[in-house]
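Chains as they are written, first to last, in the numbering used here: chain B, 79 to 331; chain F, 254 to 560.
Errors might be hidden in some of the hints.
Said to hold, decoys possible - Here are the computed distance ranges between Cβ atoms for each label pair:
id, chain 1, residue 1, chain 2, residue 2, range
1, F, Ala366, B, Gln101, 32 to 38 Å
2, B, Ile276, F, Asp365, 54 to 60 Å
3, F, Gly437, B, Phe242, 42 to 48 Å
By construction, these hints were calculated from the structure, which means they are not laboratory data.
Beta carbons are placed, not taken as given, at the ideal position from N, Cα and C, and that holds for glycine.
Here is how the chains run, residue by residue.
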Amino acid sequence: MNLLAIRAIYRYEMSRFFRTLLQSFVSPIVSTSLYFVVFGAAIGSRIDQVEGVQYGAFIVPGLIMLTVMTQATSNASFGIYFPKFTGTIYEHLSAPVNFLEITTGYVGAAATKALFIGLLILATAHAFVDLDILHPLAMLAFLVLTCLSFALLGFIIGIWARNFEQLQLIPLLVITPLVFLGGSFYSISMLPEVWQRIALFNPVVYLISGFRWAFFGQADVAVGVSLGAIALFTLVCMGVIWWIFRTGWRLRQ
Amino acid sequence: MAPIVSVRNLVKRYDDGFEALGGIDLDIEEGEIIALLGPNGAGKTTLISTICGITVPTSGTVSVGGHDIVTQFRAARSLVGLVPQELNLEVFETVRNTVAFSRGLFGKRRDDALLERVLKSLTLWDKADNRIRQLSGGMKRRVMIAKALVHEPRVLFLDEPTAGVDVELRRDMWDVVAELKRDGVTIILTTHYIEEAEAIADRIGVINKGQILLVEDKDALMKRMGRKTLRIELDAPVDAVPAALAAYDLQIDGQALLYSYDTQAESTGITGLLSDLRAAGLRLHDLSTRQSSLEEIFVGLVHEDAA
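With these hints in hand, go ahead and build the complete structure from the sequences.
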């Protein structure tokens, strides 16, 4: 195991993150605050409570998930796409590193950034609503797993993308809709029964449900199922990445 | 001694069917400088990319330091440094971070003293904390070399190292290469500049259309393939070559006649030419000979191959 290589990639990626500090930190805080103003204050004043939780607090897990998923995906996809774009990928391909080490470096850094931002939003949320986290450890575990699995997904997108447009395509057209339809701002049980069934095909539902359970102790689906779903998603992504490096797809000629 | 790089029957066929390498065999000895010459699209870069792990071989084997580049890629690649043709750099990063990253990627511990030495040897030290986008093209080229040297390779591949750099930088580059050779580093370089190969290489390989046409000791190659030109300065200029000398295929250059001959031939024809000149009534002022350059040899070879 080339641990020094993992560290080199990880630190290099993190230094990019800190170089763009303003963009990295300020923009998630601003957009979260906007969500609180729009959803929490304007709409929340009419909804009052969902399943016994104040609406303002109820949307916090969904909001964190929304940002964490998009941040993890875009960070990881950009992280690996950029060397492809500038051509510096030649160095990764000719270095004594294997796919696990490259992936760990990039995905680890992207997940760390997303986790950072997730916690930042949690702190921001405290400024707007009262929050008691029922199962803090489970909350952290769900958050970390989500960061990791979506960073893996982003890594795949970054290798797949041939241009900047494709890089934006999946996050914009797939992840954002899935998160919005995945119960970020409402409980699945509030939907008509047909849509409840359809929603169960949305993998994000399981993540948000599990994450919300960690906060408030109630969920749309059983916590075990949520954990199973996220584990499965992570494994599928890792399998795809293993295949990519084995075949050299879009990396080696 | 076993060769440090050994290429056996290496074939590379791209997905579109183009065969860039058609069964290359090549042994590179430790500590030598070998220059690969060839026209554009000959397969030079593909060969280097395959040895370095960037391109996957279709068939054949390559070993570096006795390690197979596929099954023992870690050991093989640890020995290899690569300076590609393009200036592939992340422009927002600093020189120091970029170069330090390369060392880490190759699994080597951070070594500030070594980093300083490498940057100084490439006159980059005062630019260490500059962002790469602030550097000139020549400076960027140096950064590329620093990245390859900082993980202390035993075999260094330089793909067109002096393409588009000014004379001063080219001289610097040659000095760096000479110094590396003194340290025992094996160097494989591709180049368009034949004077470059002539100036620094120990052996020359000529590639065309994915085939190695020849690999030979530079001096022996020049001797074997070399044609010499005899320059005959005359006392008075001539308008045309006298008919009696038509058999010699002479060319007129001002007040001189040029005679080209093969040093390896059984007879160079010089004795006959000189006596015929005398018989034709031409008076000689001076004589000189010149060895033809690698460039002429190279063009001759590639043309022969095309025929």
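Checked hints:
1. F:Ala366 x B:Gln101: 32 to 38 Å: Holds - the Cβ-Cβ distance for alanine 366 of chain F and glutamine 101 of chain B, about 36 Å, lies within 32 to 38 Å.
2. B:Ile276 x F:Asp365: 54 to 60 Å: holds (59 Å)
3. F:Gly437 x B:Phe242: 42 to 48 Å: Holds, since glycine 437 of chain F and phenylalanine 242 of chain B (Cβ atoms, about 45 Å apart) stay within the stated range.
In the structure shown, no violation is registered for any of the earlier numbered hints.
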